[in-house]
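Q: Sequence:
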Amino acid sequence: MAGPRRRFVWELDWNLLRTFMVIVQEKGLTAAGEKLSLKQPTISNALRRLETHMDCRLIERNASHFSVTPAGQRLFSECVALFDIVSGLPQRMEQHPGDLTGHIDIALASHVVCPFFDDVLAAFHRAFPEVTLSMTVASSHEVAAAVANRDASLGVCLMEERHPKLEYDLLYREAFGYFCGPRHPLFGRSDLSLSALRHEPYVSFKTDQMSGALWPVALLRQKEGFEGAVIGTSSHLEEVKRLIIAGFGFGPLPIHVVEDDVRAGRLWRLPPLTEAPMVDVHLVHDPSARRGRAEGLLLAELRQAIASQPLDERSYPGPGSERA
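Numbering (our numbering) for the sequence shown: 146 to 469.
Quick caveat, the hints were computed from the structure, so don't treat them as lab data.
Where hints are given, some of them may not hold.
To be verified - Computed Cβ-Cβ distance ranges for the label pairs, DEER-style:
# : residue 1 : residue 2 : range
1 : Asp-264   : Thr-197   : 34 to 44 Å
2 : His-210   : Val-407   : 49 to 59 Å
3 : Thr-246   : Ala-409   : 13 to 23 Å
4 : Leu-331   : Lys-172   : 21 to 31 Å
5 : Glu-223   : Ala-268   : 16 to 26 Å
6 : Ile-376   : Leu-456   : 26 to 36 Å
7 : Arg-202   : Ala-409   : 49 to 59 Å
8 : Ser-232   : Arg-194   : 17 to 27 Å
9 : Thr-246   : Met-280   : 17 to 27 Å
Since we're looking at a predicted model, the values are computed, not measured.
Where is the CB? At the ideal position from N, CA and C, for every residue including glycine.
Whenever a hint applies, use it, and build me the whole structure from the sequences.
A: Printed below as a string of structure tokens:
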């Protein structure tokens, strides 16, 4: 560790991070003082010391105004992740970590296919086999709402519009391609250009628009001047795929998700075969939510795995597959 960074770590009073986290969660210094059983001048002094240590303003405040600066928001996110990890330390140190019990509700967008996510869940289950999970599939908008309303502990979804209450971590990235089914006149043709799709009927997701989560797909469609009628839409991948296979039109699907369908002859990949649109899928959580030990530990494990694995290793199709 370099000299300045080492001094930063050793000189930092870690209690200041806890105090700052509570200030943000309680949306005020007075409320934070009540939460921590400390007087307001003590809280103010702690915030001033932390801002000095960080060499930046973390909170803008006066008698009638309280707001967290962008730097403060970044620090708050790191504090939450840090304290999630710390809260799990006692369990990690027990001789029988498998004794941990609890239940975790996870809401997911339709057809999340992410081996990286599956590996974390598998390792978590091996370590804590008594913890139960429930998985609910919904639209990305509904997933974010479920997490914001505390109906789900965690969410996995596309980010349609950033919810101010939620924290988003980029879980994985997937390439979208255009596909058609066996009943489509372009099925099986390998001599096509993008212009061949310009007037063909179209099937897609409800978020396939410039203001939606699938804006990279919408951007390509706009750029190429696709004018075909939109024949069918859905919020669920399986239903979009059903309509494409049934011949309603061509449409976008995640390339790695439908590899088996292509091999089985149920789908045919259309242009563009390179430089396909990339879409981000996020892990979503509410940093202010009170969590059980199992929920906090799984969130910490996921965020730690995300931080430790490069994005290109969480992008699909991966090495060895046909790349976009």
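Q: Which hint numbers does the structure go against, in order from smallest to largest?
A: Hints 3, 4 not satisfied by this model.
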